[in-house]
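Residue-level listing of the chains:
Number of protein chains: 2
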Amino acid sequence: MNWRNKCTRNTLMMKSSMIRNLVEMTKSVPGLISFAGGFPSPSTFPVAQLADLYREVLHEDGKNILQYGSTGGEQELKQAIIDQEELDITTDEVMICSGATNGIYTAIRSFIESGDFIISESPSFLGSLVAFEAVGANILPVTMRSDGLDIEQLKTYIKQNKSEKIKFIYTIPDFQNPTGITMSNEKREMMIKIAIENDILILEDDPYSKLRFYGTAKNSLFRIAREKFNNKSVVISIRSFSKLLGPGLRIAYTLADKNIISLMNSWAQKINVTTDRVTQRVVSRYLEKGLLTDQIKHIKETYKPLCDQMVSSLDKYMPENVKWTKPEGGMFLWLNLPESVNTDNQFKKALNHKVAFIPGSKFYSQGSEKYNGLRLNFSFPTAEQIDEGIKRIADTLS
Amino acid sequence: MNWRNKCTRNTLMMKSSMIRNLVEMTKSVPGLISFAGGFPSPSTFPVAQLADLYREVLHEDGKNILQYGSTGGEQELKQAIIDQEELDITTDEVMICSGATNGIYTAIRSFIESGDFIISESPSFLGSLVAFEAVGANILPVTMRSDGLDIEQLKTYIKQNKSEKIKFIYTIPDFQNPTGITMSNEKREMMIKIAIENDILILEDDPYSKLRFYGTAKNSLFRIAREKFNNKSVVISIRSFSKLLGPGLRIAYTLADKNIISLMNSWAQKINVTTDRVTQRVVSRYLEKGLLTDQIKHIKETYKPLCDQMVSSLDKYMPENVKWTKPEGGMFLWLNLPESVNTDNQFKKALNHKVAFIPGSKFYSQGSEKYNGLRLNFSFPTAEQIDEGIKRIADTLS
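Chains P and L, in that order, give the protein sequences. For the numbering used here, add 274 to where a residue sits in the first sequence, where the first one is 1. For the numbering used here, add 274 to where a residue sits in the second sequence, where the first one is 1.
In short, the hints are calculated from the structure, not lab data. There's no promise every hint is true.
Which chain L residues face chain P? A few, computed with CB under 10 angstroms, are given here [what the hints assert, rightly or not]:
{"#": "1", "residue": "Met275"}
{"#": "2", "residue": "Glu387"}
{"#": "3", "residue": "Met464"}
{"#": "4", "residue": "Lys467"}
{"#": "5", "residue": "Ile468"}
{"#": "6", "residue": "Tyr638"}
{"#": "7", "residue": "Gly641"}
Just some of the chain L residues that point at chain P, by a computed CB distance under 8 angstroms [as the list claims (entries may be wrong)]:
{"#": "8", "residue": "Asn412"}
{"#": "9", "residue": "Gly522"}
{"#": "10", "residue": "Lys571"}
We put the CB at the ideal spot given by N, CA and C, even for glycine.
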């Protein structure tokens, strides 16, 4: 049976998220300190509350929530999200997805034909970049500056390409993965203006914005587009409970123009019909009981000292020619080494020193790789591990 | 913002599952007896057992199962499935999916380019047909006979088309949706032989085979291909817990050659990363505790008398020129009315008589519609509703 010649070209050429493979590699090294994964801290998962809620919702309404439900999610959960986020929208502008990746996939499935373009921050989240490439999109990488992507480069790309072929600007505006950078309010507005003028959608990926330890919260692109530009359709915003309650639950949501949501629902019918209804109901109850506010507070109290520890250990151990971002929240920061250093090679050296990170090259689209950066995660290790691990990385550089 | 011209052609042309819309319509008619839905009976859902298990698995291992997990599902659940089904395969030949539709989508996403062909039983499950069309496949409809699809017509299609463009034969071999027909052993073997000879994959959709009330269980195409033809790759088999534990859980699985599973996992990374891990663990425990065997027995004891009732009410009330299938299991049977009758029109008449079914035309691919059949579901209504409802349908025919 020669089934291989039956696969689509994209399937055979498709890249895996190499990050998953790297994280796998680190598991076999005893005593290793890992800053590689993108894992929230399990100490923050509200295990006992969720255990009670699962039992409660099944006893209360099991015969209903074990049945087929609506594509696009439960009314109850959509309303609870709107209330929690204090959004001035209706439930037909919300869609429940099986994790943020599922929301992003459904969005690109609805809009991308092979050969289309997506403008992306560079570096960016590899999981999205490989999904874009898998559906046949060409990625136009825009360099990240300390206050968000380079607006001039964005404009140049739009000038150089037919704007009808550019389908999305993909951005993670808050505590970006992998850089930890937050986009300034000014750039948020400029980007929305440019997107509206050129008829390009913005795909706002927002897994982290609620985890802010420093500074003032910024309005989402979704909110700015509606409130300042009176535009309901330019931003599709994808948000997730993965970093708040646990990624094992696979509950995320998309906010968008109701007609776009309706199209995405039509794809969802073919892709996975609905998201686990029992878990949807559990998350509804969690929100309705007002538990999320304290939970977010608890996570921030957990992550802030870890972030502080990482920055102070970097100050202590790193040579002068190494620079890093100082994130105001989230789970990651980014190191820039001298241009002569290739962190793909440093990765192997680091494993020998029993410490791991993700080499920067893994966060670039094909052909736009840079090699002198690396990503560090501070949400998963302990403060002691952070200090010792940063010391070990510094040792590999000397 | 003119986002509509940004959508893919397939997105704008995409059909929804009209069945969902019809089922929606029936909800607003008071006193209506519905045979329209494809819902398992909520009385069979093991609510209390699941409530206990959710609590148990979270208390036992919450910090782990709320974290990110492996794409393609938990080892533990894969092994529990292999043991339950007494399969001679390894866990890398199993993939956990978020419902059977998600498994089917991931399979077609891996193999179908726009313009490819899928051979399908006709009529068949509309949810799959619209998914095939959405990814750009042309459907070649093969007429259903009383013992499965018409093999001569299947051969003719293969002769008429380039076999490398025919990617799948899609079949629901047991208690097919919508007809209730089960494929004979002879046809199973013929189909596998033809598929191997012509290098065409078989996509076996198996949501119902465990719900057999009459006759002897038949081997799946997956098992026959391996045991009789020593071929591991020709059949991709998709199975689900939706009709056994409840569709709200969204737990299904794909069995296939390990290299095909690996490709499908690569797509799953982009489509939804993983299936809800808490629910995966609950289903693992449910299987490990040996609860499924009794559960299946309980469902069969629930559905068999309902099926019997429907057949005997049809005998009692239907005019002589109406014929129906006598399913040996599953959830549906199929009525054939005289060719002059259009069940799309009968549907509206039936609503006036406060009874609903799905008109047969909804189960055909575009351009191959027939109008004189209809599908009846017997798993959801009570025996009394079945008798009264069949009487009402008979009344609309006189």
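### Message
I'd like to know which numbered hints this structure contradicts. Please list them from smallest to largest.
### Response
3, 4, 5, 6, 7, 8, 10
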